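Q: What follows is each chain in one-letter form.
2 protein chains.
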Amino acid sequence: MSPAPTVAEPPARRIRRMPERQVVDRDALHRLLDGELVGHLAVVHHGAPIVVPMAFARVGDELLLHGSTGGGFVLRAAAERETVAFSVTALDGLIVARSLFDHSMNYRSAIAYGVLEQVADEASALDALSEKLLPGRVAELRGNTRKELAATRVLRLRLDDVVMKARAGGPSEAVDDGEDHSTWAGVVPLAPRWGAPVASALTPGQAPVPDSVVALTTRGPAT
Amino acid sequence: MSPAPTVAEPPARRIRRMPERQVVDRDALHRLLDGELVGHLAVVHHGAPIVVPMAFARVGDELLLHGSTGGGFVLRAAAERETVAFSVTALDGLIVARSLFDHSMNYRSAIAYGVLEQVADEASALDALSEKLLPGRVAELRGNTRKELAATRVLRLRLDDVVMKARAGGPSEAVDDGEDHSTWAGVVPLAPRWGAPVASALTPGQAPVPDSVVALTTRGPAT
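Top to bottom, those sequences are chains A and B.
Each residue of the first sequence is one higher than the one before, counting from 1 in full-length UniProt numbering.
Each residue of the second sequence is one higher than the one before, counting from 1 in full-length UniProt numbering.
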C-alpha cells in the first residue's frame, strides 16, 4: 500500500516523518517532473518566505523555470545565488478508509533545493518549455523572434539535491484492525484531464485543430 | 482574455508583474480554496526556504492545514510565530496561440501570508478536513478516538493577507498582430477528474460503494 519507488538525498534533508514513503528511483522522479506542468518555487525575502507557481520543464538533470518572477524576488534570489526550493506534486488518488483517521491521498512529491541560474541559450530553453507544455507545437510554428526572446527569462535549477516522497496503493487495513470489514474501503483515482479544445474568437470555422492539440487531448490523462 | 475576478492586499504584496491579472473578489478566492485539495507551504529554516505540500480546508476566513510537518520545520515555524506562505494553484487550461511566445496557461493562484497557530478544537478541525476531502464521509463513520486525535496536528492560517491572481479566457490575439489568422488558436480546458473507485483487498465483493464516494465520482470535475 505504501510507496514503490527513490532519489539520493543528503543527511540534512532526511525525511523524518514517514521515512518509508521516501522514493529513491531517479526514473520515478523524472516521470513526476515530466508529467506535471507547474511547480511551486519558494524563496526567502527579508527573512520571510514567498512561494509562487511556475511552469517548468526538465532537460536532463536540470529544471528550466518560467513564469511570474514574483515581483523581482525570484530574479534577485538568482542574482544573489540564494538557495531556493522548488516543489512538484502530483495527486494520484483519494484513500477511502474505514476510519476518518486513515483517510489519505496517494501522491508523488519532489522538492529540489539549489541556486537559480540564468540559462545561456534562451532560445533552446524556450523551445524545451514549449515542447513540455504542448508536445509537437514547436514544429508547427515559427521560431521566437529576437524581441520575444529578449522579453523572456528562463532560469535553471540543477537536480543535485532532491527529496522525493510517494504514497501509492490502497488504504491501510488489517484483518485485526478493529474496523467493520463488511464495509467498503478503497481508492478513488484522480488525474487531470484535457477537455475539448475551444477555438478563439479570430479562428475561422474551417481551421483544423493543430495535430499537437489533437494528440494532447486524445492521449488520456493529462499527466 | 484576461482575468475576471478580485482580494484586498497590502502594499508590500503588490503584484508588479501583470497587475491586470490580480483578483480582488473574495468569492473567487473561496471557490479556488474550496476546490483544491492541496497547497504548498513555504517556511524559512536556517535562512533557506523549505516548501512542502499540505492538505487543507477553508473554514470561514481561515485555512486548516494538515499533512507532513516537514521534519518538524512546520511546527517550529508555528511555535516561533514565524511568517509562512501558503500557495494554492489551480490550472484551468492551456492557451494555444499562433506564436510560441503567446502560449500560456489559464490558472487561478492564491498566496496567503501569516503565522501558523495550533487549533484549539482538533476534533472539529479534523472533521472539517475530512469533509473537504470527501464530502459526506464524516456522517458515514464513527468519530475519531482520543488516541487518533492525539496523533494529529492541525494548524490554522488566517486569510488576512492574501494575494490572488488569475488568467481566464482565450489566447492573446488581435487582427493586426501579424500572425496567420487562417490557423487555429484557442484553449484546451484542464481539470482533475475522479476515476472509478477501486475496492481494497479486504473489501467483500458485495459491499456497496459509500454514498460519499458515489457522489464524489459523479459530480464531474474534481474541482
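None of these hints come from the bench; they were simulated from the model.
Heads up, a few of these hints could be off.
[Said to hold, decoys possible] Derived coverage of chain B by chain A (criterion: at least 3 residues anywhere in the stretch with Cβ under 8 Å from a Cβ of chain A; other residues may be distant):
| # | segment |
| --- | --- |
| 1 | 24-35 |
| 2 | 57-63 |
| 3 | 114-126 |
| 4 | 132-142 |
| 5 | 204-210 |
[Unchecked claim] Which residues of chain B face chain A? A partial, calculated answer using Cβ under 10 Å:
| # | residue |
| --- | --- |
| 6 | 79 |
| 7 | 80 |
| 8 | 89 |
| 9 | 173 |
| 10 | 216 |
Note that the structure is a prediction, hence the values are computed from the model and not measured.
Positions of the beta carbon are idealized from the N, C-alpha and C atoms, including for glycine.
Q: None of the hints should be skipped; say for each whether it holds.
A: Checked hints:
{"no.": "1", "hint": "24-35", "in the structure": "violated (count 0)"}
{"no.": "2", "hint": "57-63", "in the structure": "violated (count 0)"}
{"no.": "3", "hint": "114-126", "in the structure": "violated (count 1)"}
{"no.": "4", "hint": "132-142", "in the structure": "holds (count 6)"}
{"no.": "5", "hint": "204-210", "in the structure": "holds (count 5)"}
{"no.": "6", "hint": "79", "in the structure": "violated, 16 Å"}
{"no.": "7", "hint": "80", "in the structure": "violated, 12 Å"}
{"no.": "8", "hint": "89", "in the structure": "holds, 4 Å"}
{"no.": "9", "hint": "173", "in the structure": "holds, 5 Å"}
{"no.": "10", "hint": "216", "in the structure": "holds, 6 Å"}
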